[in-house]
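Start from the sequences, fold in the hints, and give me the full structure.
Heads up: the protein sequence lines correspond to chains A and B, in order.
Using the working numbering, the first residue of the first sequence is number 1, and each one after it goes up by one.
Using the working numbering, the first residue of the second sequence is number 1, and each one after it goes up by one.
The hints are simulated quantities; they were obtained by calculation from the structure and are not laboratory data.
Note that the coordinates shown come from a computational prediction; the quantities given were computed from them, not determined experimentally.
In this text, a Cβ means the ideal position worked out from N, Cα and C, and glycines have one as well.
There could be a bad hint or two in this list.
If you want the footprint, here are the derived chain A segments under chain B, 3+ residues with CB under 8 angstroms [to be verified]: (1) 37-46; (2) 96-108; (3) 124-132; (4) 185-199.
Selected chain A positions facing chain B (Cβ under 10 angstroms, derived; list incomplete) [as the list claims (entries may be wrong)]: (5) 24; (6) 54; (7) 93; (8) 114.
Quick list of in silico lysine-lysine cross-link-like pairs, BS3-like style, CA-CA up to 25 angstroms [to be verified]: (9) A:46 with B:135; (10) A:46 with B:110; (11) B:194 with A:46; (12) A:46 with A:8; (13) B:135 with A:8; (14) B:46 with A:120; (15) B:194 with B:120; (16) B:8 with B:46; (17) A:135 with A:120; (18) B:46 with A:194; (19) B:120 with B:135; (20) B:110 with A:190; (21) A:190 with B:46; (22) A:120 with A:194.
Number of protein chains: 2
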Amino acid sequence: MSVMVTMKVVGLGMVALTLSLELLGWFFNRLRPRRTLNEVLFFPSKVACVEHIFTPTSPRVCFCSLPHGAETSFSRFLRRILSASSSLDLCVFSFSNNDLSRAVLLLHSKGVTIRVLTDKDYSAITGSQIGVLRKAGICVRCDAASVHMHHKFALLDNRLLITGSLNWTLTAVQSNMENILITEEPDLVKPFIKEFHRIWMLNDPARNHQNQKPVSDDIH
Amino acid sequence: MSVMVTMKVVGLGMVALTLSLELLGWFFNRLRPRRTLNEVLFFPSKVACVEHIFTPTSPRVCFCSLPHGAETSFSRFLRRILSASSSLDLCVFSFSNNDLSRAVLLLHSKGVTIRVLTDKDYSAITGSQIGVLRKAGICVRCDAASVHMHHKFALLDNRLLITGSLNWTLTAVQSNMENILITEEPDLVKPFIKEFHRIWMLNDPARNHQNQKPVSDDIH
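Here it is as structure tokens:
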């Protein structure tokens, strides 16, 4: 009887231990902080060919004189932009970089919803890609309410934020010391989504037309 | 005897349960994601008096004509800068804001180790505070290696990053649409610490003197 009781107690103890470990494992998996995407890129970027990023499945070989196949800050930046699958909201002070313009046009052709907010003064300077985007049918609004609309951020699929000091120009990418943060951290992404919406609505041509203050453009 | 055995089993079960709960609580506290500071500020900031931020314990009342006691993006930004307790590393393209200069000088007077990296061209423009910082004995290095040293970030105590589109000027704070991110997220902070060190060393006057390329200044 005494042996039986001991066995029962040990058995019960093992069951309790097994259940505890099981429960512990469940809690561990549930509470372990999920890895949130956080990345920083610094510029100037090494100059390299980015043709393979635009046509990854094409067998066509690029014969340009730039180095090929190099992983650079700019190639990573470009890949991130091209990863948008449903929407891309851009809020950029100046936009004259041809490769970035090509990326936005490619997304547009794939059906990604694109909205572009930019600074009124800088939208018309030589080399600006804003006119090219408009001609392609992308919805652009120009802010004229502030001295400068100096943001340089992008929101992809309402979940990924790309922001920093870098204007979307060739000089910024290839010649300046600049930074870009790429993050999915909701505490950082959500305020930018809210601010984009605020500035977008602030520059709604219909609203400004009502107020007889045409401070923005919205051309599809 | 049967009652005794039952009591022993129940007792053992309760001990096992208590220990499991204790262990679970410990794991819970250990694994629960610690709240990392993440904050976003948008500008232009409302214009308000910031005297109380510089002299919080002083009974002196400010008689300036600006609104008093208002919480603004700029007052939050200023408070963050003033929260540095051991070190402040600044990497700013242009620095002409008097209040921000006053904050840096106040930290310097309290013994906080300050290093300032700035753009060579913009360090000498009218209104620049770089000369004021140098005169106070703060270590300043000017980057001349790139077309523009266009960063606008600050590292506090090697743990807090403040970065964004905002240059440290009055126009940026009061007139432009700008953003600032404030984060303790190590994946974002660490690359900036590394980059600051790289640019700081790159513009070491001793190193440049050896190479006979005096591209930077380091005046205490």
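Hint by hint, here is what the structure shows:
{"no.": "1", "hint": "37-46", "in the structure": "holds (count 5)"}
{"no.": "2", "hint": "96-108", "in the structure": "violated (count 0)"}
{"no.": "3", "hint": "124-132", "in the structure": "violated (count 0)"}
{"no.": "4", "hint": "185-199", "in the structure": "holds (count 7)"}
{"no.": "5", "hint": "24", "in the structure": "holds, 6 angstroms"}
{"no.": "6", "hint": "54", "in the structure": "violated, 26 angstroms"}
{"no.": "7", "hint": "93", "in the structure": "holds, 8 angstroms"}
{"no.": "8", "hint": "114", "in the structure": "violated, 20 angstroms"}
{"no.": "9", "hint": "A:46 with B:135", "in the structure": "violated, 37 angstroms"}
{"no.": "10", "hint": "A:46 with B:110", "in the structure": "violated, 41 angstroms"}
{"no.": "11", "hint": "B:194 with A:46", "in the structure": "holds, 19 angstroms"}
{"no.": "12", "hint": "A:46 with A:8", "in the structure": "violated, 71 angstroms"}
{"no.": "13", "hint": "B:135 with A:8", "in the structure": "violated, 82 angstroms"}
{"no.": "14", "hint": "B:46 with A:120", "in the structure": "holds, 22 angstroms"}
{"no.": "15", "hint": "B:194 with B:120", "in the structure": "holds, 21 angstroms"}
{"no.": "16", "hint": "B:8 with B:46", "in the structure": "violated, 70 angstroms"}
{"no.": "17", "hint": "A:135 with A:120", "in the structure": "holds, 17 angstroms"}
{"no.": "18", "hint": "B:46 with A:194", "in the structure": "holds, 19 angstroms"}
{"no.": "19", "hint": "B:120 with B:135", "in the structure": "holds, 17 angstroms"}
{"no.": "20", "hint": "B:110 with A:190", "in the structure": "violated, 36 angstroms"}
{"no.": "21", "hint": "A:190 with B:46", "in the structure": "holds, 22 angstroms"}
{"no.": "22", "hint": "A:120 with A:194", "in the structure": "holds, 21 angstroms"}
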